[in-house]
Structures are given as structure tokens and as C-alpha cells.
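S.K.: Below are the chains, spelled out letter by letter.
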Amino acid sequence: MNIDVGLFNYWVVVILMVAGLYTVISKGHLIKKIIGLNIFQVSVFMMYITMGKVEDGTAPIFSETAVAYSNPLNSVLILTAIVVGVATTAVGLALAVRIHEAYGTLDESEIIEMDGGE
Amino acid sequence: MPELINIALLTFLVVISVVIIRAKDVFTAVMLSGIFSLLCAGLFTVMDAVDVAFTEAAVGAGVSTVLMLAALSMTTSQEKERPTNWGALVVAVLTGALLVYGTLDMPKYGDPAAPVHTHEQVAKRYVETSLVEIDVPNMVTSLLASYRGFDTLGETTVVLTACIGVLLLLGGRRREEDEHEGS
Amino acid sequence: MSATVLIVLSMFMPLVAGLVLRAFDKEPNIRDGFSLLVAVGTFACVCSLTPMVMAGERPAFQLLEMLPGLSLAFEIEPLGMLFALIASGLWIITTVYAIGYMRGHHESNQTRFFTCFAVAIGAAVGAAFSANLLTLFTCYELLSVSTFPLVAHHQSAESRKAGRIYLGILLTSSVLFFLPAIVWTWHLTGTTDFVAGGILMGKIPDAAVPLLLALFIFGAGKAAVMPLHRWLPAAMVAPTPVSALLHAVAVVKVGVFTVVKVVTYTFGTKLLTDTGGSVWLMYVASFTILASSVIALGKDNLKARLAYSTISQLSYIVLGAAFANELGIMGAGFHIAMHAMGKITLFFAAGALIVLVHKTEISDMAGIGRKMPWTMGAFFVGSLCIIGIPPTGGSWSKWYLLMSAADANVWLMGVLLISSLFSIGYLMPVVTTAFFKPLPPESDHDHHDDHHHEGSGNVEYDHILCVIPPVLTAAGCVLLFLFSDQLYALLEPVMAANR
Amino acid sequence: MIDHFPAIQVALPMIAAAVVVIVRNPLVSHLIATGVAWISAVIAWTLLQSVLASGPISYQLGGWAPPTGIEYYIDPLNAFVLFLVSGIAAVVFPFAGASVAAEVDENKHHLFYACLLLCLTGMLGITITGDAFNIFVFLEITSLSSYALIAMGRDRRALSASFNYLVLGTLGGTAILIGVGLLLMQTGTLNIADLHMRLEGAHAASKTVLVALAFLTVGSSLKIALFPLHAWLPNAYAHAPSAVTALIAATSTKVSLYVLMRFIFTLFGTAVVFDVFQLQRVLLPLAVIGMFVGSLVAIYQTNIKRMLAYSSLAQIGYMVLGISLVNESGLAGSIVHMFNHAVIKGGLFMVMAAVVLRTGSADLSAMRGLAKRMPLTYLGFVIGGLGLIGVPLTAGFISKWYLVLGAIQNGMWLIVAMILLSSLLAVIYVWRVVEVGFFEEPDPEAPEIKEAPLSMLIPTWIMLGASLFFGVMTDTTAGVALEAARQLMGAP
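Order-wise, the sequence lines are chains G, L, R and F. Going by the working numbering, the first residue of the first sequence is number 5, and it counts up by one from there. Going by the working numbering, the first residue of the second sequence is number 138, and it counts up by one from there. Going by the working numbering, the first residue of the third sequence is number 224, and it counts up by one from there. Going by the working numbering, the first residue of the fourth sequence is number 24, and it counts up by one from there.
Do not take every clue at face value.
Once the Cα atoms are required to be at most 25 Å apart in a straight line, the calculated SDA-like pairs of lysine to any residue come out as [to be verified]:
#, chain 1, residue 1, chain 2, residue 2
1, L, 245, G, 70
2, R, 594, R, 577
3, R, 426, F, 432
Some but not every residue of chain L turned toward chain G, in silico, with C-beta under 7 Å [claimed, not checked]:
#, residue
4, 219
5, 237
6, 263
7, 274
Calculated from the structure, these hints are not laboratory results. For glycine and all other residues, C-beta sits at the position ideal for the given N, C-alpha and C.
Let's have the full structure, built from the sequences with the hints guiding it.
M.R.: Written out as C-alpha cells, the structure is:
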């Protein structure tokens, strides 16, 4: 059974991006911002993978039975991007820990207030 | 059939993302983001990206979640109440609208004739000749190791950078604590 | 010595000397002696270039290429020669005067003073020799920046405020108008070189001529055409040697020099007369002449009065350029020299009054002429030169300007005549007050005596150093009258090129 | 050997970073970092000369011809930027010693230098590569190391500034990732030259390409700190360790600007960007607003590092303005200003590093009468300040000349006035500092302040000397910029 999903995938991906972006901008808790960043990035990954899919294709590993392969390039790019994402998360979290030590809070507006509004 | 799984997973993801936004406790949000990553991994498998799915499950759902939990244990998981930030919503939705506009000229999902699959020297070449040129059945591995090996080197450097960064930030910080209290 | 070496020496000797002077911070005698030596050397270099220029040569020298196709280059033509002669010649006298003034007045930061002074002269000579607009602009800006510390010399709140006005107006006008005018010229013609007869003919739409001219005139804020004149009275907080040489000679003359240069070598007088592009400027200059004369009449502070007089006299030169005919250019060139000699005399005298008897207000100067006959005598001769009465040089320049006005715009002859009356009105009362009003009894005498005691016996020496210069320059005013044919011969080629 | 210079250019600092981590000794780390920066600069200079003499260099990594594999593609533009980045690093790295010793814990020095090297690696990688995705990877290397470096500032505000930068920087990086993805979807390739070829065809005006352009522009603008996406910059510059500010302020935004140029001119091409999508209509107003907002806010700052940061915002406005004039002179102005501003601002931040080292503060009040105590350092500030204003004989004048010429060629007189007016605002904020240093007396109760150490003075003066040198000898800057602009605008 094949349903023509058309562009549906992309639209959902966009909704996820919006959710991630909103979390990053609007949430005060620094770690929650990082979660938002993650959601944003993962949805971008999904966009790449979605475009790499070929109808009736299989995973890009050579086999005798395959009719078509999905695009390996997209997978490779996203493998790299995932690592980059987690690296950013790690540095961000380390910063959050230090900020909590220095300010005693992780709330963005409180930190801005303690910095004298700069 | 895979399309149905696809739609179901995507719907789930949207629901989870909304719950994450609304979660009062960051701990909950962290756990949910782990689940989010796992579902993504599932989705990647459906879309034939098994290597990515594996990495996402290990790194996105595993490592990231552990790191976040560790960070939370050192800080606080309570989030201050904030009114809905309409400005942020507008920015985010506008960005989304722009992207949706951009999708209108995109090739359909799974279209084998899409340019991304038909470039003679890129995707087609990888699929058709990598077994001969590199002699590894997994095309993703061939790409990672050879055709785009330099990205992989860059990726390794990113990890190195992150490690150094975290060490710089957190290494031997016990001694400094007093100083920072004072500043 | 070859011409190139001489050009380089006359510009860079002052610049380098300025830096070397810093090393003698602790040795004021060596420092001041060295300053004087460099001044004499510079003048000698400039002088030895003069015969070549008189003979029709145009010594040139390209320093370096600043932008692809645009260089920092120098070429000496008669106007620049004249200006360089005035600036470097008067520098010697001013240095002598400054030594006396700065010591007599117990000024602090004297090393900075002499350093910046030397750099400013280097910049002025560079501007005089510049072969293209870009070089002129560069020297113009260098002059603005190097004279700022001189204006703000006293470091008091007042002088810092004056410094801000000074630099603010000069930089703003030059960057906002002068620079785009140059870039526009470059865009239109592909060159910024000074070429006898102009470069813009046929390259610029007629309607744009007044606009471009306006950018140049107001860009050269140092010419103090109203409404960009405010910096000049503000700059009077500087020590008097600065007012004398820089704000009566070097700085302001760079402004009007730019105007004359642009009219003769960038536009060409023919373009201006054909299109009528400079008519508006005649009226603006006339207004400036009259308005600032009126203001000068109302000033009691002598330096302020002289400052407004300068604004008025500068616009004579601008007016001569605006007439854009042979006699106008000749008159403008003449007046650059005559006004320099006359005005520096007046400022020297005013400074001598400040140092020796602590007088700044004209109303306090009753009878001072009897105590200081040489100083006030020089002041009188200088006044004649500014007003334009024989036997002083000023009469020649006024004459040429009048003749030029008769050709270009008869009505403006009236402006020239009326303003001469005004200048009699604001200069002569100083002389009459000094000579014919009785000395008030004993009022400031005590103070003067105090000065004698604390002045560590140097007073006589200061006295001489402050009095000789105005007498010398007053003599210069008369000499310029007698030897005006030399000046005419020098400037003749400029007229010929614009015939 | 010379054939492999492109690869060595990036690989050398990368390997050196790993070595430095292992070595652990602060002094040796510093020496290695300095040496590597010098070698990098020499390599970049060689590459630049070779590109100018014999045309663009294409280097295939792993031996796979593009677009199958990743390509390094060096033309006059990025050869120039490579030289800029490595040249600045070569001056700042030796300079960093004294400042880092005072501001960073000694047991972290080796990590700090490793981070500096990685930052350099990333910037060189971004600049040299001819592959759109590769840009993203190296951009993240630069970003991650910058976050860590900025957070090393002594003040706790460095931490929040760094976090802020991390969030916005990641958004910017991800936006670039989205843009690259959309282009990949439309063309199937990641190689910039190949992308350009394929975009010229039917896809040129598609909605997807437009959105890709939008995301690439926004992504790089975030990194450039183009108004109104500049929120991260002032605090990051103000609170980072002084040596880091000098390096990042001089190079990081410039490299991002290079990326924007590369996207606009090489990837999409002027026809698509300016004729079809009219990007200049967005960039031009933003650039002008940025010029004024930056300068006006700078006037009211009391922390001089912050003041210089806002001044950077204004200068970035100039550079983007040059791009949006869409002619050779404007673009040349933009490119040459990239270089000149890097040298000038680098020098100024180095001066501030010396001031912070000696007085412990970057506040205006701490600089009272400082010209007497630290004459050479303070004279440096004057030279740099004059360059910032764009006085003739300084590098800043050259850039202004081309920008004004570009605007006049388009007949945009209002823009001419804007460029000049905003450069006059620079006079105000620079002069404030000059006046305080020269015309106010030092606080009599303040402890005696010595001139900065030679290890700082010499590099600072090399940098400021360069700003004078390149103000009069313009063959290497304006000459190359004109050539690069000519090629970018599509002249044969």
C-alpha cells in the first residue's frame, strides 16, 4: 500500500523546527534552550534524511536484491551534523553549569538583571 | 505501510515537542527530548538511513540525555514561570512559513527523479561505483571514509574542540568557585 | 641639490623635526634652538626652489601610489610656491616669537607645542606643493589633526570645548563635502590631478557645476566661508603664536588656497564663467565679508576681533576666486600673501600685549602705545595692510579685486568698498585707543611689577623676542608694496593659463 | 610540497592543537601556537602570490575530483582572507602570552592555546574550502572554540555572553545547514562551483532557492553580527579575555562576511541574488541602520572594549553596504575594508589588552591621563582611532574611498552622505578616549602604572603599523580587492 505523502513530511519537519525555535527564543531556563536547539537541529536532520529517501529504495548497502538505494550522501552529512550537534550541546551544558555556579540561577532574565541589564 | 508508520511517528514527534514546550520541569523536558530522539531514530530507519538512526539513538538519545541529566544534577531543573512570548512565536512561525513556502517547489517525497538522486558525479556515482572504487558494501562508510573523508576529519576535530572546551570550562573549577562568588 | 631633494626636504624636515623634538623634552634650550634651525632650513629649501618656478619649471615628485591610479604626488606651481614661501618664511619669525611668548607666559607642555607646530608646518608646505586633490586633502586633514593639540593646549574645560568645535567643524566639513567632491571628480574625469585650465570642462553637466563647487567650497571649511566660520573664533583660545601663524596664515590659507586651486586647476575659470557656476559664491562670500566685519566691530576682545576680521578677509580671496577672471585670481593670490603678512603682525602685537602687560580687551588698552611704541607701531602698519592703504601690500590686492569685480559684477565693488570702511572701523580704534587715550593711573602697574619679580630676570629677553617679530613683519608689509612686481611675475603664469 | 600547501594550511594548526593538548607545558604550547601561526601566514602569503600570478588553485582532497569529493578552491578573494586570518593570528598569538598569563589559570594554558589553534583551523577551513557543507563543519569548529575562549574572561558576564553567543551562533550555523540542504535538494551537489552552474538553469528563480538564499543570508548574518542580528557581539567582545577579543574581533566576523560573499557572488551569482531576488533591498537599509546604531551606541559606552565592539557593529555595516551597492568599486571597498578593519580593530583591542593588563579595567575613567603613563600604548590608540575614522594615510581611508566611489557610481547621494556622516560619529567616540588620555590628569592616588611589556607593545605596533602601511601601500590590499571584486562580479 502506497500513500502519496507528497510534501507532508517536510511540513511536519517545519512544524518541529518552529517548535524548537520557539523553545530557544522564549524559554528562560538555559538548559531548556539547549533542548530547543536540539529539537531544531534534529528536525533539520530529518529534512535531509527525508529528501534522501527513494521510493521503493533500501538502505544504501549493496545487496543482490535491492531495486534502488536511498541516497547515501544525506546520511553521511547528517552523521557529521549529529556529532556537531552533540558537541554543541556538551559545550552549552558546560557553560550552563558554570553560569549556575557564578550566578546561582539558570534563568535568563535573572541573569540579565544581575548583569546590570546589558 | 511504511508511509503510515512515517505519519504516525511524525505526529508523535509533534505532540512530544509541544509537551516539551509546556513542561514546567526541565527534568521532564530532558526525558522527553530523549524519547524525541529515539522516535527520530525510528523515523530514520523507516527512511532507509540506518546508520543515522543508529547514531541518533546512541548519541542523540543516549549521550545527550546523559549529559543533560548530569548538568541538571549540578544545577537546577526548576523553570521560572513566564508568560507566552508572542514575539518569539511570531518569529518562529514566520520562519516556518518561509520554509513552507520553500517546500512548494520541492520534489515530492521519495521521488527517484529528484536532482539529489540523479547528479551523475555525486549520488549516482556513489551508488553505482563506490563498490568498485572503495570496495566496501556500505556506501555510507565509503563516503565517510573516502569521498567525503575530510568532513569526517572535521567532525573529529569538532569532537576534539568540544572536549577541550568542556575541559577549559569545567576542569579544576573547584578552586575558582570562591572567586566567582565575589565577582 | 636636485629639485626632488629640495621638495622632500621642505616637507619632511618639519615633520621629522617634530618627532626629533620630543627627545629634547628636558632640554628646552636645545629644543628651541633646534626648532629655529629647522625653520631656517625649511625656508632655505623653499627659497631655493623659487628661481626654478619663476623660470617656468614645475618641479615634481611622486611619493607613492596611494590608491591604484591615484598617487601622493607633489608638483610646484606658482600659487603653491607663493603659499609655501609665506608659510615657511613666517615660521622662522613665529618660532622666535613663540620662544619668547611660551617662556614669558610660563606655558606647560612646550615640547608638545613645538612638535605639533612643526608637523603643522610640514603639512601646510605639503598642501602647497600637492599635485592632485587627494594629496591636498591628505595634507589638509593632517593639518587639522596636528593643530588640534595646539588649540586644546591649555587643557582647560574651555580650551577642550574649543578644540572640539575646531576639530568637529573642520573634520565634518572636509569629510562630508570635500571627500565626496574629490571622489565625484575622480568618477567624472578619472583623475584628480591639478591641470592648468581645469579638468572638468566637457565632463560635467552644467547644472552640476555649482553643486560640485559648493562641495569644494564648504568642504574646505578652513576657508571659513559662512556658515562654517565658527571654528576660527573658537580656536583663539590657543596660545597666540598659534593664532598668529596657524589661524592667520597656515591653516586658513590652506582653506582659501584650496578654493583658488580648485577654481583654477580643477574647474578652470572658463567653465565657471561659461556656466555661471560661481555666481552664488560671489554672494555668499560678499555676505561673509560684510557680516563678519559687523561682528568684528562689536568685539572688545582683541583676538576675537582679529579672528572675525580674518573671516572677512578670507572671503575676499574666495570672492576673487568666485569672480573667476584673470584679475580675480591675481587679486586672490596677492591677498593670500598680503593678508598673511598683515594679520600675523596684528596677532604678534596682540600676543605681546598679553605676555608683557596682560591686556586682552581693547577697552583696557588706553595709552598702551606710549609704553610699547614699537609693538603698537607695528600694529598700525599691519592695520593699514589689512585695510588696503598704501604704502602697504594690501593696497595691491584690494586694487586687483576691485578691478576684477568691475569685470565680473559691478555691484560687488560696493561690497568691497563698504567692507574697507568697516575694516577701518574695527582696526583704527585700537590704534587710537593705544596712542591717544591717556594711560589709566597705576591700575595694572603692580601686576606688571609682580611679573618682573617672578619672571626670573628673563623679562627683557622675552620682551625683545616678542617685539622684534611684529616689527619685522610690519616691515614686510611695506616691502610687499614695493616689490609687488616680483609677486606679479611669479603669479603671471596662473593668469596666463586661465586666459 | 607547495602543491600540498592548501591541505597543510588547514591541517597544520589542526594537528598542532592536538599536539599542544598532549604537551601540556604552557610555555611550549605558546611557542608551538606562535610558530604554527607564523608558518600559516607564510603559506597563505605563498598561496596568495601563486593565485595572483597563475590563477585559481583547485586542490582535491583524497584525490576525488569535485563534485564527487571535497575540493579546496582558492581564488584571489579567499587567498586574501586566508592571508588576513593567518596574518592576524601570527601577530596576536605571540602577543597573547602576557595577557593570557594574567587572565587565565596556568594549568589551563595549554588547553587555551589548543583552542586558539582550533579557532584558527576552523577559520582557515571555512575560507579555503569549495564545498558548502564543509563550510558548515568548519564553521562549527570555529564557533565551539570561540564559545570556550570567550567564556575564559575573568568576569562572570563572560559566561553569559558566551552562552548567548552559543545559542545565536548555533541558530546561525543551523540556518546555514538548512540553506545548504535546500540547495542540495534542488541540485544534488554540494560543490560551490557546481552549485552555481546548476542554479543558472531552470531552478534559478524557484521558491526553494529563494528560501535557501534567505537562510544562508540570515545564517551568515548572525555570525557577521549584522544589525539586527548582533545581540551576541557587544558582550562577547567586552568580556572575553583581551587577547581573544583581539583575535575574534579581527577575524571571526570577517570570515563570516567572506562566507556571505561566497554564497552571494560565487554560489548564487549576482544575476540570481540581485536581479531576481533583489537582496540588496534588504541588505542596504540594514547596513545603513547598523552603521548608525553601532556608532551612536558606541558614543555612550563607558567600557572601551564595549565601545569598540559597537564600533565593530558599525564597521560591519560598511562592509555589508559595499556588497549591497552591487558594483565593483563598492565590493572592492567591502573587501578591502574587511582587511583594513581587521588590522585596525585588532590593533585597538590589543591596545586595550595592554591597558587592561596594567590598570585592570577597560573603563574610560581608568584611562585618565594614561597617555603620560603609557605613551606608546596610548599613541597606538590614537593611530588606530584615526584609522577607524578613516583619516587619509590610514587604511580606513582607502576603504571609505571605494565605498563612496561605489555609491557615487550608483548615483546614491544619500548613501554617500550616510557613509560619511557615520564615519564622523567615529570621531566622537574615538576623540572622547583621546581627550581623557591626553588632556586629563591621572588620578593622583592611583598606583603607579608602567608602560606595557615589550611582548605586547611590539605586536601591537606591528598591527597598527600595518594599518598605516596599508593606508599608503595599497597594492596588496586595494589591488587584490579590486581584482577579487572584478572576478566576483563576473568579469572575465
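S.K.: A separate judgement is required for each hint: does it hold in the structure or not?
M.R.: Tested hints:
Annotation: proposed proximity of residue 245/L to residue 70/G holds, straight-line Cα distance about 22 Å (limit 25 Å). At roughly 14 Å between alpha-carbon atoms, residue 594/R and residue 577/R fall within 25 Å of each other, so this suggested pair holds. Simply put, residue 426/R and residue 432/F have alpha-carbon atoms about 15 Å apart, close enough for the 25 Å limit, and the pair holds. This hint holds: residue 219/L has a C-beta 5 Å from the nearest C-beta of chain G, less than the 7 Å allowed.
Proximity of residue 237/L to chain G holds as hinted, the smallest CB-CB distance being about 5 Å (cut-off 7 Å). With a cut of 7 Å, the hint placing residue 263/L at the interface with chain G holds, because the nearest CB-to-CB distance is about 5 Å. With its C-beta approaching chain G no nearer than about 4 Å, residue 274/L sits inside the 7 Å limit, and its interface hint holds.
Against the hints set out earlier in the document, no violation occurs for any number.
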